[in-house]
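K.L.:
Spelled out from the first residue to the last, the chains are:
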Amino acid sequence: MNNSLIIGRKEFKDILHSGLFLTVLQLLLALTATSVIVSSLVFKSQVSSYQSSFHILKELGKQPGGPEPQLFPLNLLRGAVDYLEIAGAILGILLGSLTIAREKNTQTLKLILTRPVSRKDLLFGKMLGNATFIGIVLVFVGLFAFLSLVFVAGAVLALTELIKLLLVLVISWIYIMAFFSLAAFLSLGMRTLSNALILAFTIWLVFVLILPQIGDTMDPDNQVPGGFFNSIHFNKEQEKQVLARFGSYENARNFIEELSVTKHYERTAFALFGIKPEFNGMQVPDILGQKWFDILVTVLFFATGTFANYSILNKKDILVWD
Amino acid sequence: MNPQFIIDVRSLSKKYGDHFAVDSLNLKVAEGEIFGFLGHNGAGKTTTVNMLTTLLQPTSGSALVAGFDILREGVEVRKRIGYLPENVQLYDSMSAFENLEYFAKLSGISKPGERILQVLDFLDAAGYRDKKMGTLSKGMRQRIGIAQAILHEPKVLFLDEPTSGLDPFGVKQLRGTLLRLNKESGMTIFMNTHLLSEVTKMCSTIGVLSHGKLIHADSLANTMRRFNDESSLEQVYLTIEEGRYEK
Chain Z
116 MNNSLIIGRK EFKDILHSGL FLTVLQLLLA LTATSVIVSS LVFKSQVSSY
166 QSSFHILKEL GKQPGGPEPQ LFPLNLLRGA VDYLEIAGAI LGILLGSLTI
216 AREKNTQTLK LILTRPVSRK DLLFGKMLGN ATFIGIVLVF VGLFAFLSLV
266 FVAGAVLALT ELIKLLLVLV ISWIYIMAFF SLAAFLSLGM RTLSNALILA
316 FTIWLVFVLI LPQIGDTMDP DNQVPGGFFN SIHFNKEQEK QVLARFGSYE
366 NARNFIEELS VTKHYERTAF ALFGIKPEFN GMQVPDILGQ KWFDILVTVL
416 FFATGTFANY SILNKKDILV WD
Chain Y
28 MNPQFIIDVR SLSKKYGDHF AVDSLNLKVA EGEIFGFLGH NGAGKTTTVN
78 MLTTLLQPTS GSALVAGFDI LREGVEVRKR IGYLPENVQL YDSMSAFENL
128 EYFAKLSGIS KPGERILQVL DFLDAAGYRD KKMGTLSKGM RQRIGIAQAI
178 LHEPKVLFLD EPTSGLDPFG VKQLRGTLLR LNKESGMTIF MNTHLLSEVT
228 KMCSTIGVLS HGKLIHADSL ANTMRRFNDE SSLEQVYLTI EEGRYEK
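First to last, the protein sequences are chains Z and Y.
Taking the numbering used here, the leading residue of the first sequence gets 116, the next gets one more, and so forth.
Taking the numbering used here, the leading residue of the second sequence gets 28, the next gets one more, and so forth.
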């Protein structure tokens, strides 16, 4: 059997036996369920509020205007994306930090590397095991999201929506693996695991929490629940006209957001789930065409991390400390 | 390649910053020998073994191990060596057999079961095959460590302080095992050690490394003859070390 496969299989078994699998799975499933339940309740309250307003207006002899709120089932998964971008990055960091550092501490790395195993085999084996684990967790999350939408929200998903859900899972996998690569790189490059973890979580704090939060806070549309422009009944065209007057401000806000890979991931996932109304009903190729840059940045982050790991592993002295 | 010498080190150096951990080391070890590599803490013994096992890149110089260049033919070298670092832990959550199976597969042994049982039998450890590593005594863990190093029948076995942390009974057992291994399979053993008493009982040749430089290398018998004024290897070792300092 190929060395990468041997190492990957053992890595996967180790993660399963460590208890991490069940803990992470339970956490992410609970968060997905919470997202669907909360969003369903919000939607139901919007519908009931619309219906009561509709009856009041009818009783007053007035013609009610505005359409009834329409359910776009994937919209209910907005919270799940929010949770995945935070918890998924943490999962990637933990797995990446420990994968090789653990073997460095126990000296088993020396045993592996004095076998006819190349450093490329080691890296790809480790990545394979962890990627499989993350993939399986995401498959469970996807299945659970589907079942929650069907049985909790009572939604019926069309084939296009299932494809969109699948694509979000794929981009989530790349996003988590990107953080895995970053953390593995830091743990390889730094002398102690604790320093590597501190740096990895500082990066997480800045790029997953702070930068997107600054971007969101600066977004005028986020100042009122449900959207500022929506609340004053401005359509997309009017919104654009207003924002055009604040070009520099919008550019600065966008620049801050684009520094964060999390925001790129979120923009792709939100577009596929139709969180922004303009993407609802849009065909998958059109969404991917509009979001190609965000997808590219996420993939590049992962690819750069993988390449950095490969480069640092080939610096022989990095794995052996006397 | 000189077939007589299974390890042939030529001007091998390793430099960290301005400090030479190993400085122009020249060393030859003949096939079938048990070579004791002596030296104080920080002398460069482990760095030397790390380079010979292809774990570390030398700063300069070269070496042939089992006839293959450690720089250009790393994979071929690794096919022919076994290695047991100091204080290795193996995988605590796996059984002894699972640990050995993993390393056997990485060594390219496609059906390792039979070979593992053979090695465990040889090491008197067959009764421990299903025990988790985490539950084994230090001595037994060391034996399983030796097992993983010899599974693929290497030509050279590198051991770094193999008796470290063992009680006298464990030391005696390990010594017996290594002597038997050397005698029955002709395996060359390259052993870093502090324990001069073990060197006396096991090694045919010794080398003394001090501050990265090889200051003595000869057969144990010749060494003892040369320093016949000294009563023990410990005295000989100290004389050699002190001699270097006088230089």
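FYI, nobody ran anything at the bench for these hints, they're computed from the structure.
Glycine is no exception: its CB is placed at the ideal position from the N, C-alpha and C atoms.
Among the clues, some could well be false.
[To be verified] Computed cross-link-like contacts, SDA-like style, restricted to lysine to any residue with a CA-CA straight-line distance of at most 20 angstroms:
| no. | chain 1 | residue 1 | chain 2 | residue 2 |
| --- | --- | --- | --- | --- |
| 1 | Z | K391 | Z | D197 |
| 2 | Y | K158 | Z | L374 |
| 3 | Y | K106 | Z | S233 |
| 4 | Z | K430 | Y | Y43 |
| 5 | Z | K430 | Y | S122 |
| 6 | Y | K158 | Z | S133 |
| 7 | Z | K128 | Y | M121 |
| 8 | Y | K165 | Z | T223 |
| 9 | Y | K106 | Z | S119 |
| 10 | Y | K159 | Z | T223 |
| 11 | Y | K165 | Z | T221 |
| 12 | Z | K430 | Y | D157 |
| 13 | Z | K128 | Y | K159 |
| 14 | Y | K159 | Z | D197 |
| 15 | Y | K106 | Z | S133 |
| 16 | Z | K128 | Y | D157 |
| 17 | Y | K138 | Z | D197 |
| 18 | Y | K106 | Z | K128 |
| 19 | Y | K159 | Z | Q222 |
| 20 | Z | K128 | Y | G161 |
| 21 | Y | K138 | Z | N429 |
| 22 | Z | K219 | Y | K158 |
| 23 | Z | K219 | Y | Q116 |
| 24 | Y | K159 | Z | S133 |
| 25 | Y | K159 | Z | G134 |
| 26 | Z | K430 | Y | M121 |
| 27 | Z | K235 | Y | L98 |
| 28 | Y | K165 | Z | N220 |
| 29 | Z | K128 | Y | L98 |
| 30 | Z | K128 | Y | S122 |
| 31 | Z | K235 | Y | K158 |
| 32 | Y | K158 | Z | H132 |
| 33 | Y | K42 | Z | K391 |
[To be verified] Using C-beta positions, here's what the derived DEER-type ranges look like:
| no. | chain 1 | residue 1 | chain 2 | residue 2 | range |
| --- | --- | --- | --- | --- | --- |
| 34 | Y | S51 | Z | D432 | 16 to 24 angstroms |
| 35 | Z | R217 | Y | Q84 | 51 to 59 angstroms |
| 36 | Z | L258 | Y | L206 | 58 to 66 angstroms |
[Unchecked claim] Not the full set, but computed from the structure, chain Z residues with beta-carbon under 7 angstroms of chain Y:
| no. | residue |
| --- | --- |
| 37 | H132 |
| 38 | T221 |
| 39 | V232 |
| 40 | N429 |
K.L.:
So which hints don't hold here, by number, going up?
P.N.:
As far as the earlier hints go, 2, 5, 12, 14, 15, 17, 18, 21, 22, 26, 29, 31, 33, 35 and 40 are violated by this structure, in ascending order.
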